[in-house]
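Asks: Now for the letters of each chain:
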Amino acid sequence: MSTRDIAVLGAGMHPWGKWGRNFVEYGLAAARTALADAGLTWQDVQYVAGADTIRNGYPGFIAGATFAQALGWSGAQVSSCYAACASGAQAIANARAQILAGLCDVALVVGADAAPKGFFKPVGGDRPDDPDWLRFRLLGATNPIYFALAARRRMAVHGATLDDFAAVKVKNGRHGLANPNARYRKEVTLEDVRESAVVADPLRLLDICATSDGGAALVLTSMDFAKRHGITKPVRIPALSTVTPTFPKTVLDLPDFATDSAMAVPEPDRPFRSALPHAAYEEAGIGPEDLSLAEVYDLSTALELDWYEDIGLCEPGGAEDLLRSGATTLGGRIPVNPSGGLACFGEAIPAQAIAQVCELTWQLRGRAEGRQVENARAGIAVNQGLFGHGSAVIVTA
Amino acid sequence: MSTRDIAVLGAGMHPWGKWGRNFVEYGLAAARTALADAGLTWQDVQYVAGADTIRNGYPGFIAGATFAQALGWSGAQVSSCYAACASGAQAIANARAQILAGLCDVALVVGADAAPKGFFKPVGGDRPDDPDWLRFRLLGATNPIYFALAARRRMAVHGATLDDFAAVKVKNGRHGLANPNARYRKEVTLEDVRESAVVADPLRLLDICATSDGGAALVLTSMDFAKRHGITKPVRIPALSTVTPTFPKTVLDLPDFATDSAMAVPEPDRPFRSALPHAAYEEAGIGPEDLSLAEVYDLSTALELDWYEDIGLCEPGGAEDLLRSGATTLGGRIPVNPSGGLACFGEAIPAQAIAQVCELTWQLRGRAEGRQVENARAGIAVNQGLFGHGSAVIVTA
Amino acid sequence: MSTTGVSTGRERRPAIQGWFTGADGDVRLLGTRCASCGTPYFPRNELACRNPRCAGPRDGSELEEYAFSRRGRVWSYADSRYKPPAPYVSPDPFVPYTVAAVELETERMVVLGQVVPGVTVDDLEVGMEVELTEGVLYTDDDAEYTVWMWRPVN
Amino acid sequence: MSTTGVSTGRERRPAIQGWFTGADGDVRLLGTRCASCGTPYFPRNELACRNPRCAGPRDGSELEEYAFSRRGRVWSYADSRYKPPAPYVSPDPFVPYTVAAVELETERMVVLGQVVPGVTVDDLEVGMEVELTEGVLYTDDDAEYTVWMWRPVN
Ligand SMILES: [Zn+2]
Ligand SMILES: [Zn+2]
Chain S
0 MSTRDIAVLG AGMHPWGKWG RNFVEYGLAA ARTALADAGL TWQDVQYVAG ADTIRNGYPG
60 FIAGATFAQA LGWSGAQVSS CYAACASGAQ AIANARAQIL AGLCDVALVV GADAAPKGFF
120 KPVGGDRPDD PDWLRFRLLG ATNPIYFALA ARRRMAVHGA TLDDFAAVKV KNGRHGLANP
180 NARYRKEVTL EDVRESAVVA DPLRLLDICA TSDGGAALVL TSMDFAKRHG ITKPVRIPAL
240 STVTPTFPKT VLDLPDFATD SAMAVPEPDR PFRSALPHAA YEEAGIGPED LSLAEVYDLS
300 TALELDWYED IGLCEPGGAE DLLRSGATTL GGRIPVNPSG GLACFGEAIP AQAIAQVCEL
360 TWQLRGRAEG RQVENARAGI AVNQGLFGHG SAVIVTA
Chain F
0 MSTRDIAVLG AGMHPWGKWG RNFVEYGLAA ARTALADAGL TWQDVQYVAG ADTIRNGYPG
60 FIAGATFAQA LGWSGAQVSS CYAACASGAQ AIANARAQIL AGLCDVALVV GADAAPKGFF
120 KPVGGDRPDD PDWLRFRLLG ATNPIYFALA ARRRMAVHGA TLDDFAAVKV KNGRHGLANP
180 NARYRKEVTL EDVRESAVVA DPLRLLDICA TSDGGAALVL TSMDFAKRHG ITKPVRIPAL
240 STVTPTFPKT VLDLPDFATD SAMAVPEPDR PFRSALPHAA YEEAGIGPED LSLAEVYDLS
300 TALELDWYED IGLCEPGGAE DLLRSGATTL GGRIPVNPSG GLACFGEAIP AQAIAQVCEL
360 TWQLRGRAEG RQVENARAGI AVNQGLFGHG SAVIVTA
Chain Y
608 MSTTGVSTGR ERRPAIQGWF TGADGDVRLL GTRCASCGTP YFPRNELACR NPRCAGPRDG
668 SELEEYAFSR RGRVWSYADS RYKPPAPYVS PDPFVPYTVA AVELETERMV VLGQVVPGVT
728 VDDLEVGMEV ELTEGVLYTD DDAEYTVWMW RPVN
Chain B
608 MSTTGVSTGR ERRPAIQGWF TGADGDVRLL GTRCASCGTP YFPRNELACR NPRCAGPRDG
668 SELEEYAFSR RGRVWSYADS RYKPPAPYVS PDPFVPYTVA AVELETERMV VLGQVVPGVT
728 VDDLEVGMEV ELTEGVLYTD DDAEYTVWMW RPVN
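Which chain is which? The protein sequence lines are S, F, Y and B, in order.
Going by this note's numbering, the first sequence opens with residue 0, and the numbers climb by one from there.
Going by this note's numbering, the second sequence opens with residue 0, and the numbers climb by one from there.
Going by this note's numbering, the third sequence opens with residue 608, and the numbers climb by one from there.
Going by this note's numbering, the fourth sequence opens with residue 608, and the numbers climb by one from there.
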């Protein structure tokens, strides 16, 4: 057991969907479910880590306090963080550090969102100093445009086909069929994807993840507390990385107008997206060959293929073959997104990285009914958001 | 030495003012100054904790990453947090936990703001579900209204006078005269305060803090790192509290329409604002009698008097006598706001709690030129913001 | 626009739905109350009782409609001498207004409200008895928008 | 409103000041370049060189004006088939547009831009040479607002 282990005693979600209610409700439900799962009460929680939503007014900016108040002010310590798609992972990182530092024994991590319809857009107001505003104004560079640029690049460099992308959707659609927290639980065929409207060439509607309402929560404790609580072999988090890019960042990401220049300093050995899991593998002392499964951020179908390479399941350029081999399908060597992924959930930004860890927890407990990976021992959850954010979390049985 | 000690190796600010530039510039300058003060470089930093600003577009929501990019992507781990006026303290708390957990040795904490003029107002857009929007819409309950309600209550219950409030301003104005980072460095007289316009009765313009641009940063390290770096007796942070209120929260705070009801559960023994330092005293194993100085959040002059009682410098109702005795003036028994406080700085929200710790650091090093507290050994910095946020940080020599 | 409270003959509408009710003489703040532990909430809480020691189901089903006491005592008061920013809807020229924090004995809580126009801080004292009424917060071409207001009991 | 690029006789104004310059045939992206380490920045960086190993003063004084290469090769491309949200200013009815990410050999970086109207994804290929020009992004009653655009080199 590493001295960097913490225990995951509880996991809970509010189902993803378009419910039209306040995000606090989703977070509260997820928190209560996670506490019940852990056999603990809100009064046992010493530290609350909230993952913020920036599209739901002031209560969203201070999600930790909002959830603490909704659960009933208890005098717990609190934090609220924001890191785009990695917000949930940073909330886990905050809680983990508190526990490893001995500052608390029991932490609750909560993220929830009520998402707007359609394209994500900048928060209101004229903000010509804000790159996230300018990319819409000057380029019409929506999120799908960035996803499509990466997809087209993959086609040109690695020979990915539209049917490869569609096959990712078909696979994930099937994975999520029995997931009670998934928003979309319906078989999708290659034909369905092929026939869906092109949103941003080469990506079709069914290649791109929707935006959803949802909530997810985790109860994290010290290993000592878990033992005292009678759980001798809890699911553990031995490693978590939130590293930033290394200059020059030569891969184009949201909301950039341009990459960094590699004129003065050569590109780093490891591009940003692969540096994230690399740091986590180093911390955990394991490698991709030790994984039983992975949850990766499939904002688009094509992006899932990039992740195969970034987390080391295959060499660069090998993702299409790996997919076609069936290795990443449930029953294969290394199932990816057994939960159904963003393809079945849609994105509820601050909840998503927490939901990934919920799925890994259930898988490692052997309780992922209808989508269980056999003998799951270790998993990784990765994501990437705007402005140099991303995360990799390793979870072990 | 407590096992909860971390070392403050560097402190730096960008002067407060109304400079009209981007907040990133202030944060960058503060970070560079703090690094130089520590004798370290940006490349030594393993973890960056940003305190967010919510009024400067997307880069403000992810302040940690914004500052990391401006300093030059280095692969450091990152976090960004928001907690209203306690944002800076939560950023310190995040960095401290990482260090105490052994996850990093060197952390950089940065907060900066470019503040709008006049009253703070809700972030743009119609948001009738947001209490921070509704309090303006339905009541016209600006921040000064809440400050004024607290001040009037103090007058009625404890016999504070308008001249007591003015005396706080005169004291802090004098304290800040020689502070190179203060925005206002001008002697203020009782007459000046008396003659300034009433903003929200009973408070006058000079009773209420302005909003400012500014930045502050700290370089925090493990005690071991400090020793290896040749600093055997660094200034230390042995305790930090970000506790939430305990139900029922019976003191009216921004942006509440009402307090909690005490019908079902009696009021907690310790109201919220005094629970904050109490938790920090417990953690540090010291009490108010051990303090050499305090930096308290004087959003209004009257609020400074509340803090005297909340941090235990005197019994409830004793603040006016303590002030009048001169004990809280430089040269007195327990100088409060030797920096000049918000009275001389104006508020740059995410930077402020960090700036308080910068001041304590300089005081404990004996290098607070022109405002030095004699033989300073221990200090406390406290603040309170909206929605159940607040902090107390104890710093020792 | 006007906040003088003088009727302009326009339709009267509450500035917010469901927060208060009743005609003059029996205006009440509306909130919810936990049927399990008895805690009342204003503004209304429909999500779950926030008393962490409440034994109720805490899924919202325990929360029932509740009308608050009409009278209370001034806990504190203040005024606004300068025009606040939007979303406050201000008449032009701006008219200063007074706000009171009022302690409700039965509910053991303090509730904010504007004080009826014409009553200034000079007319108020901590401990003074006040009662709830309805007043005009702002008007537009369509209607007068009303809100709960405190007024001294004569 | 129109984004067709057809002149309407209105005044032409850049949609943003200082990001590009020049008349057709010599349109350049404008940015800054570190005089110490040589790193160029687009959009312009006036704060401090962001190369963490740069030996320059890194207080902004090291950053000088820089005009980027006019030509590059397509790194990738995509289009938008649905009207994006504001602040994009869309004609009514919406007209799809194409975006290219272009690799500049000298600067060793990739820069985004819309592709001139009329050029669709079917006309593009990864590796194709393109050059910079100026096109109309949107118009209002006062003016045509222009932006940098990529166009294939014939
Ligand atoms: Zn209850
Ligand atoms: Zn340079």
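Read the hints as simulated data drawn from the structure, not as lab findings.
Keep in mind that the hints are not guaranteed to be accurate.
BS3-like mimics (lysine-lysine), calculated; alpha carbons at most 30 Å apart, straight line [unchecked claim]:
| no. | chain 1 | residue 1 | chain 2 | residue 2 |
| --- | --- | --- | --- | --- |
| 1 | Y | K690 | F | K232 |
| 2 | S | K185 | S | K17 |
| 3 | S | K226 | B | K690 |
| 4 | S | K185 | B | K690 |
| 5 | F | K226 | Y | K690 |
Pair ranges (Cβ atoms, derived) [what the hints assert, rightly or not]:
| no. | chain 1 | residue 1 | chain 2 | residue 2 | range |
| --- | --- | --- | --- | --- | --- |
| 6 | Y | Y689 | S | R20 | 36 to 46 Å |
| 7 | Y | E671 | F | P270 | 45 to 55 Å |
| 8 | S | P179 | Y | R688 | 48 to 58 Å |
| 9 | F | R20 | B | P698 | 30 to 40 Å |
| 10 | F | G330 | Y | Y689 | 29 to 39 Å |
| 11 | B | P700 | Y | R688 | 43 to 53 Å |
| 12 | Y | D748 | F | D128 | 17 to 27 Å |
Computed from the model, here is a short list of chain F residues facing chain Y with C-beta under 8 Å [said to hold, decoys possible]:
| no. | residue |
| --- | --- |
| 13 | A69 |
| 14 | L99 |
| 15 | G101 |
| 16 | L102 |
| 17 | C103 |
| 18 | K120 |
| 19 | W132 |
| 20 | L148 |
| 21 | R152 |
| 22 | S195 |
| 23 | V198 |
| 24 | D259 |
| 25 | L321 |
| 26 | S324 |
| 27 | R366 |
Using N, Cα and C, we set each Cβ at its ideal position, and we do this for glycine too.
Asks: Would you check whether S195/F satisfies its interface hint, that is, whether its CB is within less than 8 Å of any CB in chain Y?
Replies: violated, 12 Å
Asks: Just to be careful, I want the Cα atoms of K690/Y and K232/F compared with a cutoff of 30 Å; is the pair within it?
Replies: violated, 52 Å
Asks: Against chain Y, run the beta carbon of C103/F and see if the smallest gap drops under 8 Å.
Replies: Result: violated, 34 Å to nearest chain Y Cβ.
Asks: Given L148/F as an interface hint, is the shortest Cβ-Cβ distance to chain Y below 8 Å?
Replies: This interface hint holds because 4 Å falls under the 8 Å limit.
Asks: What's the verdict on K226/S and K690/B, does the C-alpha distance respect the 30 Å limit or exceed it?
Replies: The given pair, whose Cα atoms are some 55 Å apart, is violated under the 30 Å limit.
Asks: Can K120/F be said to touch chain Y, with a Cβ gap under 8 Å?
Replies: holds, 4 Å
Asks: Kindly confirm whether 17 to 27 Å is satisfied by the beta carbon distance between D748/Y and D128/F.
Replies: For D128/F against D748/Y, whose Cβ atoms are near 26 Å apart, the range 17 to 27 Å holds.
Asks: Hey, K226/F versus K690/Y, does the alpha-carbon distance stay inside 30 Å?
Replies: Violated, at roughly 55 Å.
Asks: Given the hinted pair K185/S and K17/S, is their Cα-Cα distance within 30 Å?
Replies: The hint holds at about 16 Å.
Asks: Are the Cα atoms of K185/S and K690/B separated by 30 Å or less?
Replies: Within the cut-off at roughly 28 Å; holds.
Asks: So, as I understand it, the hint says A69/F touches chain Y; can you test that by seeing if any CB pair is closer than 8 Å?
Replies: Where the cut-off is 8 Å and the nearest Cβ of chain Y is about 30 Å from A69/F, the hint is violated.
Asks: With 8 Å as the cut and Cβ atoms as the points, is R366/F at the interface with chain Y?
Replies: At 40 Å from the nearest chain Y Cβ, R366/F fails the 8 Å test, so the hint is violated.
Going through the hint list in order, the structure does not satisfy hints 1, 3, 5, 7, 13, 14, 15, 16, 17, 22, 25, 26, 27.
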